[in-house]
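K.L.:
For reference, the chains in residue letters:
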Amino acid sequence: MWMYEKKLQYPVKIKKPDPQMAQIIMSQLGGPDGELTASMRYLNQRYAMPTDKIKGLLTDIGTEELAHMEMVSAIIYQLTRDLSEKDIKKYGFDKYFVDHAGGIYPASAAGVPFTAAYFQTKGDAFADLTEDMAAEQKARATYDNILRLADDPDVIDPIRYLREREVVHFQRFGEATRMVQDMLDARNFYACNPSFDKTCGRNCKKKK
Amino acid sequence: MKSRNELMQIIQKYDFALYDLMLYLDTHPNCRNAMQLYRKYRTKREEAVREYVKLYGPIQAIQSDAEKKWNWGKGPYPWEREAN
Chain U
1 MWMYEKKLQY
11 PVKIKKPDPQ
21 MAQIIMSQLG
31 GPDGELTASM
41 RYLNQRYAMP
51 TDKIKGLLTD
61 IGTEELAHME
71 MVSAIIYQLT
81 RDLSEKDIKK
91 YGFDKYFVDH
101 AGGIYPASAA
111 GVPFTAAYFQ
121 TKGDAFADLT
131 EDMAAEQKAR
141 ATYDNILRLA
151 DDPDVIDPIR
161 YLREREVVHF
171 QRFGEATRMV
181 QDMLDARNFY
191 ACNPSFDKTC
201 GRNCKKKK
Chain B
1 MKSRNELMQI
11 IQKYDFALYD
21 LMLYLDTHPN
31 CRNAMQLYRK
41 YRTKREEAVR
51 EYVKLYGPIQ
61 AIQSDAEKKW
71 NWGKGPYPWE
81 REAN
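Sequences listed follow chains U and B, in order.
So the first sequence is residues 1 to 208, counted in our numbering.
So the second sequence is residues 1 to 84, counted in our numbering.
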């Protein structure tokens, strides 16, 4: 189960509202490579992982992604305070405002609502961990794109932190992939599915 | 000595009482009765958790024995039959 902690993982303190920036950063909440899909991906995939270590890793990274969701939401929240109707129109925030006003709704920057179709649970440790590594790279690239467009140091600082976490998660998923490979027969990693076949990777000597 | 699952059930019982009281106190923050119950179950919960962690390992990573070997990643995981 989960218990809430009343704190952010890293502080967010933005003095100047910027609805246009908020709409761009929105993609890292509910977009195709955002924190919500990241969290749902790992927390759903973890059940089919073949070892305790990897079950634990997906649980812990999936939990951290929930904290990142909260940070991205805090950034959007602070960027959309005290807006006048004039600013909302001038900075193109009107299309979001008409449906959600000052509320937080998980959608991409282009307004496409969040969907579970952004991630997959293949039930195959290799396939799932490979998706996870790609997902961290895609999220890192999205943060790099945001950093190209951002000029406020108050926004850049927490975005850089989130970007760095993608790199760390990528590293850990690479190690988990290696752990799965080490369990298997090096001549054919695909001879069986370590997430499904009972003896796959656990019983190599007996099988022979 | 209580078994792993026996002790976990005791923690789950206190946790549920505390969670339900928390929701009640969210909308009734001045209810002294509920607060008294909260304190009572919190003490009992703390005792049970201390015993569980000592015997069977951490429930939260921060309770890990970070001395010789990191024991946070050890199963069974909560969704597995053996853990229930």
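Derived by calculation from the structure, the hints in this document are not laboratory data.
Careful, some of the hints might be misleading.
[As the list claims (entries may be wrong)] Calculated pairs, BS3-like style, for lysine-lysine (alpha carbon to alpha carbon, straight line, at most 25 Å):
#, chain 1, residue 1, chain 2, residue 2
1, B, Lys-40, B, Lys-68
2, U, Lys-198, B, Lys-69
3, U, Lys-53, B, Lys-13
4, U, Lys-6, B, Lys-13
5, U, Lys-6, B, Lys-44
6, U, Lys-16, U, Lys-90
7, U, Lys-16, U, Lys-122
8, B, Lys-69, B, Lys-54
9, B, Lys-44, U, Lys-53
[Claimed, not checked] So, partial list: chain U residues that the calculated Cβ filter (under 7 Å) puts toward chain B:
#, residue
10, Lys-53
11, Lys-55
12, Gly-56
[Claimed, not checked] Pair ranges (Cβ atoms, derived):
#, chain 1, residue 1, chain 2, residue 2, range
13, B, Ser-3, U, Asp-99, 47 to 55 Å
14, U, Asn-145, B, Lys-54, 45 to 53 Å
15, U, Lys-53, B, Gln-63, 35 to 43 Å
16, U, Ala-117, B, Leu-55, 42 to 50 Å
17, B, Ala-61, U, Arg-160, 35 to 43 Å
18, U, Tyr-105, B, Lys-74, 18 to 26 Å
19, U, Lys-15, B, Ser-3, 52 to 60 Å
20, B, Trp-70, U, Asp-94, 35 to 43 Å
Since the structure is predicted, the reported quantities are computational estimates derived from the model, not experimental observations.
Beta carbons: idealized from backbone N, C-alpha and C, even for Gly.
K.L.:
Do Asn-145/U and Lys-54/B keep their Cβ atoms within the hinted range of 45 to 53 Å?
P.N.:
The hinted range 45 to 53 Å holds for Asn-145/U and Lys-54/B, with Cβ atoms some 49 Å apart.
K.L.:
Given the range 47 to 55 Å, decide if the beta-carbon distance of Ser-3/B to Asp-99/U lies inside it.
P.N.:
Taking Cβ atoms as reference, Ser-3/B and Asp-99/U lie about 53 Å apart, which means the hint holds.
K.L.:
Straight-line Cα separation of Lys-16/U and Lys-90/U no greater than 25 Å?
P.N.:
Cα-Cα ~16 Å, so holds.
K.L.:
Lying within 42 to 50 Å: is that true of the beta-carbon distance Ala-117/U to Leu-55/B?
P.N.:
holds (44 Å)
K.L.:
Do the beta carbons of Ala-61/B and Arg-160/U sit within 35 to 43 Å of each other?
P.N.:
violated (25 Å)
K.L.:
How about Lys-53/U: closest beta carbon in chain B under 7 Å, or not?
P.N.:
holds (5 Å)
K.L.:
Sort out whether Lys-69/B lies within 25 Å of Lys-198/U, counting only the CA atoms.
P.N.:
Violated, at roughly 28 Å.
K.L.:
Given Gly-56/U as an interface hint, is the shortest Cβ-Cβ distance to chain B below 7 Å?
P.N.:
holds (4 Å)
K.L.:
35 to 43 Å was suggested as the range; check whether the CB atoms of Trp-70/B and Asp-94/U agree with it.
P.N.:
violated (51 Å)
K.L.:
Does the alpha-carbon distance linking Lys-44/B and Lys-53/U stay inside the 25 Å limit?
P.N.:
violated (31 Å)
K.L.:
Range hint 18 to 26 Å: satisfied by the CB atoms of Tyr-105/U and Lys-74/B?
P.N.:
violated (39 Å)
K.L.:
May I ask you to test the hint 52 to 60 Å on the CB atoms belonging to Lys-15/U and Ser-3/B?
P.N.:
At roughly 56 Å between Cβ atoms, Ser-3/B and Lys-15/U fall inside 52 to 60 Å, so the hint holds.
Going down the numbered hints, you'll see the structure goes against 1, 2, 3, 7, 9, 15, 17, 18, 20, while the others check out.
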